[in-house]
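Novice: Residue numbers (our numbering), protein chains in the order written: chain A, 1 to 370; chain B, 1 to 370; chain C, 1 to 370; chain D, 1 to 370.
It should be emphasised that the hints constitute simulated quantities derived from the structure, not laboratory data. Using N, Cα and C, we set each Cβ at its ideal position, and we do this for glycine too. A portion of the hints provided could be inaccurate.
[As the list claims (entries may be wrong)] SDA-like, lysine to any residue: derived pairs with alpha carbons at most 25 Å apart:
{"hint": "1", "chain 1": "D", "residue 1": "267", "chain 2": "C", "residue 2": "70"}
{"hint": "2", "chain 1": "C", "residue 1": "32", "chain 2": "A", "residue 2": "12"}
{"hint": "3", "chain 1": "D", "residue 1": "143", "chain 2": "A", "residue 2": "288"}
{"hint": "4", "chain 1": "A", "residue 1": "175", "chain 2": "B", "residue 2": "142"}
[Claimed, not checked] Quick list of simulated restraints, FRET-style, between CB atoms:
{"hint": "5", "chain 1": "C", "residue 1": "218", "chain 2": "D", "residue 2": "335", "range": "42 to 52 Å"}
{"hint": "6", "chain 1": "A", "residue 1": "179", "chain 2": "B", "residue 2": "146", "range": "52 to 62 Å"}
{"hint": "7", "chain 1": "C", "residue 1": "164", "chain 2": "B", "residue 2": "312", "range": "35 to 45 Å"}
{"hint": "8", "chain 1": "C", "residue 1": "2", "chain 2": "A", "residue 2": "222", "range": "30 to 40 Å"}
{"hint": "9", "chain 1": "D", "residue 1": "216", "chain 2": "C", "residue 2": "109", "range": "57 to 67 Å"}
{"hint": "10", "chain 1": "B", "residue 1": "359", "chain 2": "A", "residue 2": "47", "range": "24 to 34 Å"}
{"hint": "11", "chain 1": "A", "residue 1": "287", "chain 2": "D", "residue 2": "152", "range": "20 to 30 Å"}
{"hint": "12", "chain 1": "D", "residue 1": "216", "chain 2": "C", "residue 2": "227", "range": "39 to 49 Å"}
{"hint": "13", "chain 1": "A", "residue 1": "47", "chain 2": "B", "residue 2": "146", "range": "17 to 27 Å"}
Listed below are the residues making up each chain.
Protein chains: 4
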Amino acid sequence: MDTIGVGLIGTGYMGKCHALAWTGVKAVFGDKPAVRRVALCEVEESLARRRADEFGFETSTSDWRSLVANPEVDVVSITTPNAWHAPMAVAALEAGKHVWCEKPMAPALADAERMAAAARVSGRVAILGYNYIQSPAIRYVAKLLERRAIGPVTHFRIEMDEDYMADAEAPFSWKSEKSAGYGALDDFAVHPTSLVSTLFGLPAEAFGEMRKPYPDRPDGASRRPVENFDVATVLLRMPNGASGAIQVSRCAWGRKGRLQLQIFGAKGAILFDQERFNEVSVYLAQGSAEDQGFRTVLMGPAHPPYERFIVAPGHQMGFNDLKIIEAHELLNRITGKPSLAIDFDTGLAIERVIHAAARSATDGRWVATA
Amino acid sequence: MDTIGVGLIGTGYMGKCHALAWTGVKAVFGDKPAVRRVALCEVEESLARRRADEFGFETSTSDWRSLVANPEVDVVSITTPNAWHAPMAVAALEAGKHVWCEKPMAPALADAERMAAAARVSGRVAILGYNYIQSPAIRYVAKLLERRAIGPVTHFRIEMDEDYMADAEAPFSWKSEKSAGYGALDDFAVHPTSLVSTLFGLPAEAFGEMRKPYPDRPDGASRRPVENFDVATVLLRMPNGASGAIQVSRCAWGRKGRLQLQIFGAKGAILFDQERFNEVSVYLAQGSAEDQGFRTVLMGPAHPPYERFIVAPGHQMGFNDLKIIEAHELLNRITGKPSLAIDFDTGLAIERVIHAAARSATDGRWVATA
Amino acid sequence: MDTIGVGLIGTGYMGKCHALAWTGVKAVFGDKPAVRRVALCEVEESLARRRADEFGFETSTSDWRSLVANPEVDVVSITTPNAWHAPMAVAALEAGKHVWCEKPMAPALADAERMAAAARVSGRVAILGYNYIQSPAIRYVAKLLERRAIGPVTHFRIEMDEDYMADAEAPFSWKSEKSAGYGALDDFAVHPTSLVSTLFGLPAEAFGEMRKPYPDRPDGASRRPVENFDVATVLLRMPNGASGAIQVSRCAWGRKGRLQLQIFGAKGAILFDQERFNEVSVYLAQGSAEDQGFRTVLMGPAHPPYERFIVAPGHQMGFNDLKIIEAHELLNRITGKPSLAIDFDTGLAIERVIHAAARSATDGRWVATA
Amino acid sequence: MDTIGVGLIGTGYMGKCHALAWTGVKAVFGDKPAVRRVALCEVEESLARRRADEFGFETSTSDWRSLVANPEVDVVSITTPNAWHAPMAVAALEAGKHVWCEKPMAPALADAERMAAAARVSGRVAILGYNYIQSPAIRYVAKLLERRAIGPVTHFRIEMDEDYMADAEAPFSWKSEKSAGYGALDDFAVHPTSLVSTLFGLPAEAFGEMRKPYPDRPDGASRRPVENFDVATVLLRMPNGASGAIQVSRCAWGRKGRLQLQIFGAKGAILFDQERFNEVSVYLAQGSAEDQGFRTVLMGPAHPPYERFIVAPGHQMGFNDLKIIEAHELLNRITGKPSLAIDFDTGLAIERVIHAAARSATDGRWVATA
């Protein structure tokens with residue numbers, strides 16, 4: 001296989017990220033096969049054409065089913081709103097395509113299960129766009145844990161906060177409707193849970209709490225009650241006795257893309273924040289007390305795959321680079337090489353945790369996640 | 001009253017802090033009445049003598065009851081282990097003394113209730129050593145909240161972590177016995193709760209979770225099961241609909257005196273960490289988006305009572321200075337002036353929250369705190 | 001013009017950055033004309049072929065003169081060692097090509113002058129790869145200065161430090177030979193000077209000091225004297241009375257890509273560090289003293305051209321993105337649009353400052369820069 | 001000697017700091033002899049009385065000569081404006097008293113020389129109030145250097161900045177008169193030079209540059225030219241070939257008590273900033289590249305004399321605590337114990353560096369400091 005044909009559905013926020021990833025991956029990694037940007041789909045024909053031109057795709061369409069059926073397309077990027085993930089992913093897998101689908105899988109657990117089943121049956125590669133696990137920093141954290149640098153993990157805390165819904169007087173939008181999901185829990189908490197899953201394994205039990213910072217929002221001349229929860233907390237119990245907490249908010253003024261990680265082990269601690277994702281802080285309980293402290297390690301060529309992007313240390317990778325790494329890992333998996341990615345089965349397990357937390361929040365008691 | 005006579009019981013960690021506070025308070029604040037360091041009590045006679053000399057107390061004793069009975073003593077500092085707080089405080093109050101007692105009040109709720117009752121009956125001033133509420137930084141935070149700078153508070157998170165029990169191989173000590181209390185919950189969480197009480201008011205409901213990072217510890221040649229919990233989390237629901245979380249650990253490698261506060265409101269956010277307690281960060285959702293960010297305010301003469309210590313900004317106050325402020329606030333209260341301090345009634349309410357959280361942790365469900 | 005043909009000479013550190021920039025620029029900016037990657041040159045034929053495949057160039061060669069002569073090539077990226085810049089740039093310009101040349105222009109001032117003259121004669125666009133001026137952060141700083149947010153600038157300090165030559169026992173290399181230039185002064189100080197030129201204008205006078213942290217380095221079994229200077233300081237006097245300092249070191253252990261900027265004005269201050277180049281800190285002497293502090297602004301869609309890369313704030317841009325912006329600015333200039341870039345004339349002025357500083361260091365007195 | 005009698009001249013900014021130091025030193029350090037606060041002098045009789053009461057001094061006077069003559073006084077604290085240091089210190093030494101004098105010694109070098117000569121003749125202890133060298137952090141830095149943790153020092157940079165004169169529209173004051181000295185150079189640069197002297201030894205040559213950010217200031221209805229320099233830079237060459245730079249400004253908006261130190265050695269680097277003086281950052285070029293970074297060490301009981309103030313780590317010392325340490329070191333010296341302090345001879349050497357830098361600034365060339 002000299003080239004691999006790519007189809008892209010959706011060209012919004014994540015759609016552009018996928019487009020840039022497909023554009024850059026070979027130049028960064030020297031990957032084989034080379035990527036052919038075959039087909040792009042947008043809801044509106046003329047927009048599809050414009051984006052295809054901008055993003056360098058050979059053809060465009062407003063009919064996603066035709067893209068999925070296109071025999072030149074080997075792998076389909078799905079970056080549409082969440083409700084579309086299941087039908088598109090299942091159709092693509094049934095058509096024998098590999099799938100790179102944005103997270104979360106689907107608002108309803110049944111749909112996520114259908115997606116995972118379709119992936120299993122298809123024998124194709126099906127992964128989710130959990131980009132945060134791909135950074136050199138998180139890989140370095142994983143390596144530190146594997147090396148047992150901080151001993152066994154005893155406790156962790158993860159916070160993910162943004163402020164895009166923090167304005168109490170922003171008009172009521174579909175994001176606050178019940179049909180949009182639980183709120184911050186499925187919108188955000190899947191990311192921390194992807195880190196938990198990657199770094200520590202899946203939790204055994206969850207306790208959830210969901211809150212409405214603003215009970216209602218302006219809706220024309222009156223106000224409309226908010227139907228889901230902009231703040232959520234999930235306590236986790238791990239099978240091995242460790243414990244953790246995930247706290248998420250989309251009303252956290254000042255937080256723009258925070259995803260803070262605190263990991264405590266029997267011999268040290270690790271800190272990380274996505275808002276400064278080129279840095280990892282490590283505390284090792286070693287040596288003289290007078291010399292101990294958190295060491296801030298700046299990512300560089302010693303932290304793969306940083307060196308594929310820049311050969312000099314301290315030059316910083318960007319968010320879009322993470323998507324390039326994801327595309328590379330997907331190609332690795334397709335070509336049978338070792339690969340780091342969250343596939344549909346693991347993605348399903350992550351969503352089970354989320355649904356368990358939501359159930360727990362309703363019931364006010366601990367709930368098993370499996 | 002030209003002078004006020006002070007008696008100090010205990011000269012360990014907090015005992016020395018009280019001694020330094022009594023020594024320095026007049027020179028810092030120019031307070032009237034002047035402090036007379038009358039009597040000091042330690043368990044061992046010769047140590048008591050030595051400390052009295054060092055700390056400038058006129059007399060020493062190994063009999064705390066005689067100190068409490070001393071007619072020259074107007075106010076008693078109690079800095080002994082927690083189990084001694086109740087008998088000493090009650091005796092001092094019954095002898096007509098004012099009391100400055102280290103927190104928490106007592107391991108058993110019944111004892112704390114007895115202390116609060118004794119204070120009420122006595123008509124004397126009885127306060128607890130919650131020093132963290134006294135810093136210029138926390139006073140500035142309180143002022144920001146009063147000014148509604150960040151609008152109504154919707155959510156807060158407080159973490160208090162140290163690592164003094166983080167070494168898994170440190171020998172089993174009395175700190176890990178059931179009789180020492182719940183563990184991190186009463187050892188640490190009273191501090192965050194004192195901040196909650198001071199800044200936001202008392203919570204209505206609590207959910208607790210307590211964990212053992214290390215199930216056992218070395219005990220001679222074998223290992224002994226740990227009987228209480230070095231990690232705890234408390235979720236809080238406030239009467240007005242706001243929510244919060246308190247997370248504490250005494251096994252958090254690298255954390256030395258961390259007490260981090262995140263406060264989110266409808267119009268902004270405030271951050272604070274006791275490890276850098278001369279700084280407060282404030283985010284205001286005002287002006288152009290391009291100019292918004294967290295503003296780190298360094299404490300200075302504009303933040304009382306900093307200016308009593310140093311007239312130039314940016315010169316940093318220390319932990320011991322907080323105890324001097326506490327002593328000053330106690331003198332204010334005794335002399336009928338406005339005063340910021342946590343008295344025994346509020347202290348009792350704080351401990352009710354702690355006990356409710358512990359009960360919740362056992363029962364696995366939300367518990368009312370009052 | 002529907003497409004523009006690009007030739008790339010050199011595929012090392014900066015060569016790959018150029019390749020990635022040419023690959024991604026259209027997908028990021030939707031630029032017209034589209035970029036055609038026509039020809040790539042490397043010293044060794046087979047490496048040239050491999051890189052052309054990886055980077056998506058249509059043809060490869062080991063003869064840079066043939067690349068420069070290629071009629072399909074409209075613009076030439078020059079990323080070879082500094083000594084090659086002058087012959088290649090001059091040849092390209094004489095062949096009617098636009099030029100994007102890495103900085104600095106040339107070790108010898110006469111060569112830089114020849115390049116600038118060739119550019120002027122050619123009527124073509126000739127810019128230098130000063131990437132640090134292209135970030136949203138530095139553009140935001142420039143905008144703040146234009147808005148007079150901090151009033152007139154009175155004083156600035158810029159430090160640029162790395163540690164790639166900090167190891168005293170690293171073997172003697174060509175970098176330490178006199179023929180390689182002054183050392184840190186031309187290697188690093190051109191970057192700070194590019195910021196000075198962009199933000200404050202050109203200085204009137206310079207005072208230089210150059211130092212050898214290690215007088216000799218291992219060379220086989222013996223040691224060889226170091227011939228140039230790994231540490232340099234340049235004091236600057238601006239025509240309007242403001243003053244500044246540039247400090248550079250390539251032996252600064254722990255510094256990986258530091259480029260710290262402190263700007264003081266009559267009404268405030270601005271801080272920036274390239275190691276965290278998605279952040280700018282601003283202090284405005286406004287409002288109550290109790291509320292003043294440095295505000296850390298995280299780059300986002302409000303800071304162009306961030307929004308072309310990611311639509312959500314706080315997601316971080318990377319170093320390679322800066323090169324994409326540069327390529328975009330070059331295309332803007334070629335197509336006659338407003339553009340931010342350092343052309344050969346400004347580049348020459350920057351190098352005059354460097355040479356003046358070096359002369360000053362030798363003479364031990366202030367030197368005029370023009 | 002059971003007690004030592006103290007006289008304090010001046011009760012402003014530094015006067016209160018001395019008073020607090022004398023009040024607290026025994027309780028903190030358990031020092032022998034005990035301090036007797038014998039006499040206090042202020043210009044105005046009634047203020048002297050009030051301060052004596054507040055600060056716990058036995059007697060008060062408005063006649064400094066009588067204080068100096070008082071046979072009960074063994075040591076004299078001099079905290080008056082700089083012009084008074086020389087007559088008071090010389091008189092005190094001639095009267096056989098030990099002296100603790102605030103820095104700098106005197107505006108004129110001749111006066112400083114006179115003070116040093118008087119100290120030498122007297123055989124008494126005479127030290128200067130260079131408090132920044134006394135912190136646990138700076139002592140830890142000194143210890144790291146002694147341990148050769150970062151190898152031999154090759155280069156250092158020190159910045160000291162405040163903003164108390166940053167307001168361009170603040171009225172002209174005596175601080176801007178020529179008679180007040182060079183400006184920032186003698187006002188601030190003595191502190192960095194005290195660190196240089198303590199940590200690296202005295203420099204051999206200096207190059208100075210002094211600047212006026214605001215050429216004039218409001219003076220009633222008109223404006224008056226500023227006569228000295230609010231910004232200064234001093235480049236230093238050390239006898240052993242190392243180099244350094246000192247940069248100071250009293251017009252640096254946003255800087256409140258910044259005193260930043262960067263030390264680069266052949267095997268690592270050390271960072272420190274007085275605005276967070278309970279922290280030291282250390283980079284050691286050891287171990288795997290992937291694990292290297294700056295380690296931020298929080299001061300604690302492992303960093304003497306922190307443990308005399310608080311027994312728990314991470315609790316922060318304050319500025320006033322540094323003065324207590326100074327008083328303790330002075331007592332140590334008086335009682336013949338090892339002691340860290342800058343005596344009049346070293347203080348004189350520091351001022352010679354300052355005067356050399358000023359001369360260099362006038363002459364525009366390097367000047368020898370000795």
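Novice: Which numbered conditions among the earlier hints are violated in the structure presented, ordered from lowest to highest?
Specialist: 1, 4, 6, 8, 9, 10, 13
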